[in-house]
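**Student:** Take the given structure of chain A and dock chain B to it, following the hints.
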Amino acid sequence: MTALSDILSQGAQMSLVLGGAPLLTGFVRKVKARLLRRRGPPLLQPYRDLIRLMRKDVVLADNASWLFRVIPYLIFAGTWVAASLVPTFGNGLLFSWTADLIAIIALLGSARFFQALAGMDVGTAFGGIGSSREGMIASLAEPAMLITVFSVAMIAGSTQLSNVAEFMGSDAVGLRVSLGMAFVALTIVALAENARIPVDNPATHLELTMVHEAMVLEYSGRHLALIDLSSQLKLLLYVSLIACVFLPWGTATADAGAGRLAFGALLYFGKLTVLGFLLAVFETSIAKMRVFRIPEFLGAALMLALLATLLRFVSGSL
Amino acid sequence: MSSLQFDIAHLLAGSLVLASFMMLYQDRLYALLNVYALHAGVLALSVAWQAYVQHAPHLYVTALIALVFKAIIIPVALHRIIKRLGIHREIENVIGIGLTMMAGIGLVALSMVVMLRVTPSADALAREDLAFALSVVLLGLLIMVTRRNAVSQVVGFMSLENGLVLAATGAKGMPLVVEISVAFSVLIAFIVIGVFLFRIRERFDSVDVQELDRFRGERR
Chain A
1 MTALSDILSQ GAQMSLVLGG APLLTGFVRK VKARLLRRRG PPLLQPYRDL
51 IRLMRKDVVL ADNASWLFRV IPYLIFAGTW VAASLVPTFG NGLLFSWTAD
101 LIAIIALLGS ARFFQALAGM DVGTAFGGIG SSREGMIASL AEPAMLITVF
151 SVAMIAGSTQ LSNVAEFMGS DAVGLRVSLG MAFVALTIVA LAENARIPVD
201 NPATHLELTM VHEAMVLEYS GRHLALIDLS SQLKLLLYVS LIACVFLPWG
251 TATADAGAGR LAFGALLYFG KLTVLGFLLA VFETSIAKMR VFRIPEFLGA
301 ALMLALLATL LRFVSGSL
Chain B
319 MSSLQFDIAH LLAGSLVLAS FMMLYQDRLY ALLNVYALHA GVLALSVAWQ
369 AYVQHAPHLY VTALIALVFK AIIIPVALHR IIKRLGIHRE IENVIGIGLT
419 MMAGIGLVAL SMVVMLRVTP SADALAREDL AFALSVVLLG LLIMVTRRNA
469 VSQVVGFMSL ENGLVLAATG AKGMPLVVEI SVAFSVLIAF IVIGVFLFRI
519 RERFDSVDVQ ELDRFRGERR
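Chains as they are written, first to last, in our numbering: chain A, 1 to 318; chain B, 319 to 538.
The shape of chain A in the complex, shown without the other chains (with noise of 0.2 Å):
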């Protein structure tokens, strides 16, 4: 019986994290829109897109491999199980003892690699900057993310999400600036993964400053639609790993009954709301670097969660 609900409850995870995805995209969208006084599209309007996508047919390039047909869909499936690894509206789920941080940034660096490959693999320029300036981001992105991680996991003595997001959510934490920084840092990591704006806009498609949109820009039809869904999808899994980590007040325990998990899972919307509002109001709110800035802002994230594992290290020896 408990199999059987666990197994439920997991299921519901991973599918509200692939219904909800295009929904907080389109919701950022709609936001940013309302903010620049458009009146935006609709709040479905992800959906629409995917769907249109979906039923179009593919066109591909002559010189194209097997691996380029491949990618989208392990690029997907490599950020559809990081995303439903993280706890949403519960802990202790039936997954729990995989949802190791660690994991999900392999899955995610696998993900972005085989994206990376894709890019080149046509062989048009833009693949090849697109291509070559991810992998300069992911180069600085990953050491702060894991570093960010490494001090959070210290805190918490955990990497596994479900104890660190219990352990958060407890008295045990205290007032500490480590967390602070390591907040920061994952913020900034978040904004350069998911090519938001300070470091790439995926809405535009200027050479000088694509980045994500180079490294797609040969895919069409179902592919395509593949793609922005993990797009999509790893917005949501930052976000609910920040709301998870820094924000984890009323996420359902493990032996929580179904009462309690929807009151989890309305929680959670609601810090997915905020979290989608903040980011929409930043990102109006800044332009976008050159690239070659890119380097000192992503260095900034590794600088604080370098400082914050070594201010973990002084409270801790004490």
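Here are the in silico distance ranges between beta carbons for each label pair:
(1) A:Ala-172 with B:Val-394: 39 to 47 Å
(2) A:Ala-172 with B:Val-513: 49 to 57 Å
(3) B:Gly-416 with A:Ala-262: 45 to 53 Å
(4) B:Arg-346 with A:Leu-44: 39 to 47 Å
(5) A:Val-173 with B:Ile-390: 31 to 39 Å
(6) A:Ile-105 with B:Met-462: 37 to 45 Å
In case anyone wonders, no lab produced these hints; they're calculated from the structure. For glycine and all other residues, C-beta sits at the position ideal for the given N, C-alpha and C.
**Tutor:** Same frame as chain A, but now just chain B:
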């Protein structure tokens, strides 16, 4: 001492180190001055918290001095100096910002390793404060080393002194006289440096200290 009190002291001292890093990161003179004012403000808060935790009312005087002199008067004075010198543009770094940051992280790690190892018998708050103070001092030195502009070297020097004040307040029973004399000597140094700035400017039409090397015949 309750853990909340310790956590707040830790938070403030940690923010001081972070502010030092922000100074290291800045590449505009005005922004550097603003961050310096923030640095001094955090220092004042930190000292005031120490006064509250240690029940040492004379530390409130130190906090007030830090707030009035370092967070208000000196930044305003430096602002005016910069305006008169007409050098509110970018600061030239000796090495790139990334490398400087890495060196800074290394210095912080070094100071923690050193301080935590040599002070195992001191109480927790003093230990932690000393470790942070040493890193603020080292970061101030790093700012002085990696900047060519004399004004930003002054700012580095002042931030170094903030680290000294943090160390002095962390140690229990430091008399007020010592702190005031340190603050006073730094103020004197500041005035002397200010005079020197104008002399350098008069002589070389620039406050880039590389000009000094050339003048002494050490380069080119």
